[in-house]
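Protein chains in written order, with our numbering: chain A, 706 to 1399; chain B, 2 to 126.
Treat the hints as calculated values from the structure; they're not laboratory data.
Be careful, since some hints might not be right.
[Stated by the list, open to error] The calculated lysine-lysine pairs, modelled on BS3-like cross-linking and capped at a C-alpha distance of 27 Å, are:
| hint | chain 1 | residue 1 | chain 2 | residue 2 |
| --- | --- | --- | --- | --- |
| 1 | A | K1261 | A | K1280 |
| 2 | A | K1306 | A | K1352 |
| 3 | A | K861 | A | K884 |
| 4 | A | K1313 | A | K1339 |
| 5 | A | K1280 | A | K1352 |
| 6 | A | K861 | A | K907 |
| 7 | B | K123 | B | K69 |
| 8 | A | K1189 | A | K1280 |
| 9 | B | K124 | A | K972 |
| 10 | A | K770 | A | K785 |
| 11 | B | K123 | A | K1280 |
| 12 | A | K1352 | B | K69 |
| 13 | A | K1079 | A | K1027 |
| 14 | A | K1261 | B | K124 |
| 15 | A | K1261 | B | K4 |
| 16 | B | K72 | A | K1189 |
| 17 | B | K4 | B | K123 |
| 18 | A | K1352 | A | K1339 |
| 19 | B | K72 | B | K4 |
| 20 | A | K1306 | A | K1327 |
| 21 | A | K1352 | B | K4 |
| 22 | A | K1352 | B | K123 |
| 23 | A | K1327 | A | K1352 |
| 24 | B | K123 | A | K884 |
| 25 | B | K72 | B | K123 |
| 26 | A | K1327 | A | K1280 |
| 27 | B | K124 | A | K827 |
| 28 | A | K964 | A | K974 |
| 29 | A | K1327 | A | K1339 |
| 30 | A | K1339 | B | K124 |
| 31 | A | K1261 | A | K1313 |
| 32 | A | K1339 | A | K1304 |
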Amino acid sequence: MSFQNLSIRRKLTLITMLTSSIALLLSSASFLIYDLISFRHLLTEDLTTQAEIIGYNSAAAMAFKDEPAATATLSALRVKGDIVAAVLYSPDGTMFAQYFSNDNTLPTFLPSRSQEEGYRFKGRYLEVWHEVTLNGEPLGTLFLQSDMRQWSTRAKRYAGICLGFVLISGFFAFLVSAKLQRVISGPIVHLEDTVRMVSATKNYEVRAVKSYSDEIGSLIDGFNTMLSDIQQRDTALRGANDELQTRTQELEQEISHRKQAQEELLKAKYVAEEASRAKSTFLANMSHELRTPLNAIIGYSEMLEEEAQDSGTEAAVQDLQKIKSAGKHLLALINDVLDLSKIEAGKMSLHLEMFDVSGMIEEIVTTLQPAIEKNKNTLGVRLAEDVGMMRADITKVRQILFNLLSNACKFTDHGTISVDVDQRTVEGLAWLRFRVTDSGIGISAKQQTNLFQEFAQADTSIARKYGGTGLGLAITHRFVQLMKGRIEVESQPGEGSMFTVHIPAQVTPETVGPTATEGSSDASDAIADMQTGRDTILVIDDDAAVRELMTRFLMKLGFSVLTVANGEEGVRLAKQVHPVLITLDVVMPECDGWTILSKLKADPELSKVPVIMVTIVDNEAKGFDLGASNYLIKPVDRERLAVLIEKHRITRSKAITGIDTVSKSFLSHGNKRGEVGAEASEKVSHAENLAGRR
Amino acid sequence: MPKILLVEDNEMNRDMLSRRLERRGHSVVMAHDGEQGLLLAGTEMPDLILMDISLPIMDGCEVTRRLKADKRTRHIPVIALTAHALVTDRVKAIGAGCDDYDTKPIEFSRLSEKIHNCLAEKKAL
C-alpha cells in the first residue's frame, strides 16, 4: 500500500513521527560530531604533551648515548594503555631506543627514519613527531603512536546514547501525535462516515456534527447546507412525482372515459345510420303501399267519370272529379315527401342533358293553363332572344318553375303573372335567369326568413285556406342548390312577389347532397354518374314521325337526342352543342341534305363529326363524295343503324354499360314529347295537381 | 281492333285497366301472374303486352326476358308497369327487354298514348 492510499489517521501519525525523528536525528548527529572532533583535539594535545615530557626526560640519555636509560624512560609509557609504540631516533635518523606496548599486535610498520615535528592521523592511529633538544641542541626525534582507544570507545557509547534517545523520543512522539492527529482526522472521519451513511440510506435528514470553526468546520457546514438543499429538492421532487402520478392516473381515467364515450358515439352513429336506412326503406315501401290503393282510387274515379259523362249524370261527374282531385293531391303530397327524403338521404341525383329552354317553358305554360284560369289570372311569358339551349336536369328545372308558377297562380286572384327568362354572363360563366312575378298577396319579411324551410308555410292559416304541405318551396330550393344555382325572393305583403332563380347554363355533373356518400352503391347513383357524360346525337329530318322514332331509338341506345326539321337550323345547333354524330335527311323543303352536308364538312369545327345519311334517295356515291360516313336508305334498318353508331362510339371516352344504355332511354323518355306528367310520373308527378303548394 | 294482354296481379287494377282499355276499343286478355302471362302471350299472340313488374310466381322482368328470347313473341311490344319509386326497377324492366315503361298510379291518357306510340312504332319499323 503506497503512502498516498493510507488512511488520513496513519498519514498524520507518520508525517508527525517522520518530521520529529529527522529533527532529532539531525540535532543528535551534529552534537555527536562536535563532541568527537573536540575530543580528538583533546587527545592530540594530550599525546603532544606526553611527547614533550618523554622528550625532556630522555634528553640526557640521548646526550650520553645511554640507550638502556632511554629505553627505561620509554617504558614508563606502559601506564598509558593507548600508546602502542614509541621510538627515539638519533639525529642521523637511525632508531636509538624503542618501546612497544604489551600487546603482541605490533604496528605493521614503523617509519624507518625521523620526520618533521607535528601530528598526523594514519588510519585509526594518531602519530606525533617531537624534536628532543637539550639547551637548544637537537639530540634526536621522538615518535609516538596512539591507537585512539578512548576516542572510538567514546564514539560508540555516544552513538548508542543518541540512538536510544531517538527511539524513546520517537515513541513519545507517536503517543502524542496519535492523540493529537484526532483533532484533524476526527472530524474528517466523522464527515466520511456521515457521507457513507447518507449515500447508503438515502436519508438526507442526517447532519454531520461540527467540532471546530476551522476549515474542516466550514467544510462540514457546507456539506450540511448541501444536504439540506438536497433534502429540500428531494421533498419537492417527491411532491412533483406524486402530483405527476396523480395527473397520470387522472389522464388515464380521462382516456378511458373518452374511449367509452367514443364507443358509445360509434354505437349511436351506427344506430342512427340504421334508423336512417330504415327510414328510407320505410318511405320507399310506404310510397309503394300508398300508391297501390291510390292507383285504384284515381283509376276508378276517372273511369266512373267517363261513364257518368256518357250517361249524362252531371252531379256524379262533379263528385267523381272531387274524388279524383283529392286522390291526385294525396299523390302529390306523397311524392313531395319522398322527394325530400331522397334529397336528405343524398340520393337525389342529376340527369343532365341538353334541352331547349323555350320548349320547356311552353310545356309548363300549357300544363298550367287550368290553374292560371282558375283564379282569372293572366300570364305573360317573355324570353330574351339569346336564350337557347341549356344543359341541366330538365325534370328538376321544370319542377322548379312549375312550383313557383303554381304558387303564383294559387296566391293571386284576378291578377297578372309573368315569366321572364334571360341569359347573362358572370365571371365567364353563362347563367340562365328565370323570374316569376305575380301581383298576389305577397309575403312579409318575417315570413320570408323561413320560406324555404321544410314544413314551414308562411302562416298556419294559409294551410287552412290554400292547402299544401309546405314542401314545395323547400324542394324547389333544394333542386336549385343541387344544380349549383340560387334562388331569391322579393316581396311586400299585398304587393305581390318576385322569385328569381339563377341556374348555370351548363350545370356541372357532380351530384350534391348532404350525405352523398351514403348508399352511393345504388344503381340510381351509378346511372346518374354515367349519364352525366351522355353524348348528343343531332337528327336533321323534316318528317316529324321520323324524328320521333329516331329520338326514341337513339335514346334507348343511351344518347341525348336533339332533333331539328330545318337544315340551316341544324348546322347552327350542331355548332352550339357539338354532337358526337349527326343523322341527315336529303329531301327537305328549304335546303336539301347535300347542301347541308357540304356546309357541315366545310366548317372546321364540325368537319370531324360523323354524318350518317338517312334518306329515301338512293345515291350513296354522292353522299360519300361529300363526306358522309355512312348511308342508310329509309325505312331505316334499326339494327344496322345501331351497329354504325356503335362503331362511331369508339371515339367516346367511356364505354357505356347495358344498364347505362337502358336507363338513359327511359329517363329521357317523353321529354321530347312534351308531356310534363310523363317522365315526371313518379318523381315529379305534381304537374296535374296544383292544389296545395308553398 | 288491337289485342292487349294485361298481366297484373292486383284484382282492382286489373279490373279497372281492362275496363278502361275496352272502352277505348281494345280487346283485352288478362293474366294474374307471370306464368299465366307467359302462357297467354304464346297462345293469344296479342298486339301489345302491359306487364306489371312485381308479379307472383314469375316476375314481370323474367316473363319479358323469356318473351323476347322467343322468336314467336319477340316482336310483341311490352310496356312495363311499375309502382316502385326506385330508378333501379325501371332499369331492370328496360334491361329485361321492355319497350317502354309507365309508373303507377296509371295516368290513363299517358298510358294510352304510350300504347298508341308502341303500336305505331311497331307498324312503322
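### Message
Taking the earlier hints as the rules, which of them does this structure contradict?
### Response
3, 6, 9, 11, 16, 21, 24, 27
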